[in-house]
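Undergrad: With chain A held as given, fit chains B, C and D onto it using these hints.
Protein chains in written order, with the numbering used here: chain A, 403 to 538; chain B, 403 to 538; chain C, 403 to 538; chain D, 403 to 538.
Hint data in this document are derived by calculation from the structure and do not stem from the laboratory.
A pair counts as met if it fits within one copy or between any two copies, since identical chains are not told apart.
Straight-line C-alpha distance at most 30 angstroms; calculated DSS-like pairs for lysine-lysine: (1) K520 - K468; (2) K516 - K468; (3) K516 - K483; (4) K534 - K486; (5) K486 - K468.
There are 4 protein chains.
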Amino acid sequence: MIDHSYSFRVIYPETDQMGTVHHSNYAKYYETARWELFRSIGIPYIEVEKAGYMLPVTRMNFRFIKTTHYDEMLTVITTLKEVKGVRIWFTYKLYNSNNELINTAETELAFVGKDNWKPCSPPDFVVQAIEKYSSQ
Amino acid sequence: MIDHSYSFRVIYPETDQMGTVHHSNYAKYYETARWELFRSIGIPYIEVEKAGYMLPVTRMNFRFIKTTHYDEMLTVITTLKEVKGVRIWFTYKLYNSNNELINTAETELAFVGKDNWKPCSPPDFVVQAIEKYSSQ
Amino acid sequence: MIDHSYSFRVIYPETDQMGTVHHSNYAKYYETARWELFRSIGIPYIEVEKAGYMLPVTRMNFRFIKTTHYDEMLTVITTLKEVKGVRIWFTYKLYNSNNELINTAETELAFVGKDNWKPCSPPDFVVQAIEKYSSQ
Amino acid sequence: MIDHSYSFRVIYPETDQMGTVHHSNYAKYYETARWELFRSIGIPYIEVEKAGYMLPVTRMNFRFIKTTHYDEMLTVITTLKEVKGVRIWFTYKLYNSNNELINTAETELAFVGKDNWKPCSPPDFVVQAIEKYSSQ
Chain A
403 MIDHSYSFRV
413 IYPETDQMGT
423 VHHSNYAKYY
433 ETARWELFRS
443 IGIPYIEVEK
453 AGYMLPVTRM
463 NFRFIKTTHY
473 DEMLTVITTL
483 KEVKGVRIWF
493 TYKLYNSNNE
503 LINTAETELA
513 FVGKDNWKPC
523 SPPDFVVQAI
533 EKYSSQ
Chain B
403 MIDHSYSFRV
413 IYPETDQMGT
423 VHHSNYAKYY
433 ETARWELFRS
443 IGIPYIEVEK
453 AGYMLPVTRM
463 NFRFIKTTHY
473 DEMLTVITTL
483 KEVKGVRIWF
493 TYKLYNSNNE
503 LINTAETELA
513 FVGKDNWKPC
523 SPPDFVVQAI
533 EKYSSQ
Chain C
403 MIDHSYSFRV
413 IYPETDQMGT
423 VHHSNYAKYY
433 ETARWELFRS
443 IGIPYIEVEK
453 AGYMLPVTRM
463 NFRFIKTTHY
473 DEMLTVITTL
483 KEVKGVRIWF
493 TYKLYNSNNE
503 LINTAETELA
513 FVGKDNWKPC
523 SPPDFVVQAI
533 EKYSSQ
Chain D
403 MIDHSYSFRV
413 IYPETDQMGT
423 VHHSNYAKYY
433 ETARWELFRS
443 IGIPYIEVEK
453 AGYMLPVTRM
463 NFRFIKTTHY
473 DEMLTVITTL
483 KEVKGVRIWF
493 TYKLYNSNNE
503 LINTAETELA
513 FVGKDNWKPC
523 SPPDFVVQAI
533 EKYSSQ
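So here's chain A without its partners, still in its complex pose:
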């Protein structure tokens, strides 16, 4: 298990006419947050693709607890839960600037070959980085 914190500000094009953030943006927030976690353990996602792998999402679940607004500063706590076989699991907790939990999510991704889209084991440098930084 590896935790990482990533903060960002809600921008105008992410709002919709309800005056809140359109729900499709949370998938983008969490994608950015998980690759920042990857960067923090020395494996920027761009290196994963350069090594011939991709990580498409195979499942994602979201629970919307509280709304948010333009210009709010938000913080995602991302947790890399597990890597097993061809898959990797992350969970996310999103907080507003009052430290209120506003959204939770989980995503499952699969390692695939960049050229053939076939599921495959993660490359060694990814496995090693995750082992090195994992806490019990």
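TA: Showing chains B, C and D alone in chain A's frame:
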């Protein structure tokens, strides 16, 4: 239960550098599909907002089975499963033009007042339309 | 010169908290419209990429005349103005359902090789399709 | 004239299947950059809306000089050129991490009343902040 079919074409800005559709777009596809279901039973979503209600998403789950590409024609089969209390549930099955199932999803939404964001019962015209068109 | 008409409906994720369409979406509308023009003359853009070419935008200009809203039906009149050297020019007029002109735009694109991103002449099948369908 | 520098990283959902940034995203980059300029002179855009005004875009022009990619750090130099009557003009220069100019743009926006969308003079606190920070 009410079923509805909605077809559309994948456009270029929905692609990402994997050469497939970015996963955040599925939330947009299904939103458009459920409001087309609403339109088909005589209650365009715009009328719901005009009547003083909004329908934010409270939960959404996606399962990605097969990838898709630019310019493919896709079809969503949307099912309105249930309205109960302040909530409404939809499920979605997304097919490509070979009739292969490529994604499934479910969303839970809540009726809220447009001015106060407080959960509330759906307006009568929505309840009546759903009852009128529901099959057992 | 080749004209083409393309109609579509404004969807919810395209709105912003002004209650109108976020201005970044017009680039997407016009991209979709110009590839529908291409499809109408027998050269779907996907075939251009399959033949080893891409068409990135090199300039685009927009004038916003009147606002629009969720669920409105809009129509773009797209005009392919000219192909010359490595470049191709399109203009766009966007109308609402009252036939009011709400936006105009022009884009310049360049043919480039898919592998090397080097500017190049358009492939013959594109030149021939444009010549065949052009009016004076 | 007021200058401001804003840096950010290209994220995955902004890419398209050309392997570069989809051109519609530049409008979002520059919007975020101009409101960061506004924030830097003490008038966060959210305060402009709270005071009853909005700033829709009335014209925008883009020139694409060089492409960019996922995970690149980019820097926009935004210049507030002029406020006159109901309008305000900004220009933008976008640089990659090699300090190469990759895109230039200009936008014209109009002050309008939040409730009636009628063009109007900017509020005093905006005019005063701009005067205070303008260089000759």
